[in-house]
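There are 2 protein chains.
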Amino acid sequence: MSTQAATAAARRSKITPERETELYDAVLRLLREGGYDSVTMEGVAALTKCGKATLYRQWGTKPRLVTAALARRRCVVFGGIDTGTLAGDLREAARVAASHHERDAGLMEAVAQAYIQHPDLRAALRETVIAPEIASIDAIVARAVERGEVEAGNPAADLVAPAFLGMLRIERICEERFTDTSAMRAFVDAVLLPALRATG
Amino acid sequence: MSTQAATAAARRSKITPERETELYDAVLRLLREGGYDSVTMEGVAALTKCGKATLYRQWGTKPRLVTAALARRRCVVFGGIDTGTLAGDLREAARVAASHHERDAGLMEAVAQAYIQHPDLRAALRETVIAPEIASIDAIVARAVERGEVEAGNPAADLVAPAFLGMLRIERICEERFTDTSAMRAFVDAVLLPALRATG
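Protein sequences, first through last, are from chains H and P. Counting from 32, one number per residue, gives the positions in the first sequence under my numbering. Counting from 32, one number per residue, gives the positions in the second sequence under my numbering.
FYI, nobody ran anything at the bench for these hints, they're computed from the structure. Among the hints, erroneous ones may be present.
A few chain P residues that face chain H, going by a derived Cβ cut-off under 7 angstroms, partial list only [unchecked claim]:
#1 Ala143
#2 Gln144
#3 Pro186
#4 Ala187
Note that the structure is predicted; figures quoted are calculated from it, not measured. Glycine included, C-beta positions come from ideal geometry on N, C-alpha and C.
If we strip away everything but chain H, and leave its shape as in the complex, we get (with noise of 0.2 angstroms):
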């Protein structure tokens, strides 16, 4: 081993759970207050006290920076969600969606401008962000289908990840029609349910 790559490693090893969190967490902060744009190696060098040569070293890229805070984040929105029926799943998916909205939207907003802006990172987004969300909610239907809550084969199925996340992205452009959290709930009782249950 080189003098150089021992010493490489060396310092990769420094950098502790703890320490990642902290990095992570910096790179989160920076796309919540300023989007995607306003994440420079610089500005997490700076608020973590990091040099900058580290980043590089760990993450090479922006872009996997990025992609390793928002995977490391962890915070499937829709995964925990089990109430026994097709219905509460649904509801509570809604009302969950409604609090972290508020809660993140900074967050969801840089991720969707990154997502338009940087077609090198839409991949990344996907397999972190979007397809574990599209996962959870797809489990929701494949455990009514097994309750016999939802016909097997009902064409509906496979559209209500997609329809639920897109309803999800166009609340804000409609907002002046959705002038209360309840219109992912008003979507679930008056179109997703009835379209699952509208065969058999």
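Place chain P on chain H using the hints.
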């Protein structure tokens, strides 16, 4: 009238409707090709051989110029649809959305980007780009209520337009799930139509 004001009025009057169309086309071309950030007063001036001073005098700011260009475009995608039945109208909207998406994905992407990045543009974009589409879909549903196809007061009625636009927005994010252009058609048939007929 001061000499200065008279000169300004004379200059302004030199912008013929044809010239205006040419300027708006240049704005939309820049938007389509490089997104909102690539639209500059300099770029539009260079493309059209128009004086930059004229652009500033006439439109004041870039957001106002972009908004005017989008508003003049007047291509309300769902505007002319009237097949005589609810299913026919919504299926036609799905078909038009798919072909429009393909044809003008670059411009739609640029509008979405501008919407997210530039809060000062949002009100204008809502009014010129989003509201007319929502109104067109609302009109489809309203006609179905008049014809008795949908019960008045069906709680899904108000949600059709946002759900449709939301699904359209999310479609590309979930594109591995929707490998053809029929996702919107499936959404109409399996989700919207059953929901609209679910009560009553």
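For each hint, the structure was consulted:
1. Ala143: Holds, about 6 angstroms.
2. Gln144: holds (5 angstroms)
3. Pro186: holds (4 angstroms)
4. Ala187: Nearest chain H Cβ about 4 angstroms off; hint holds.
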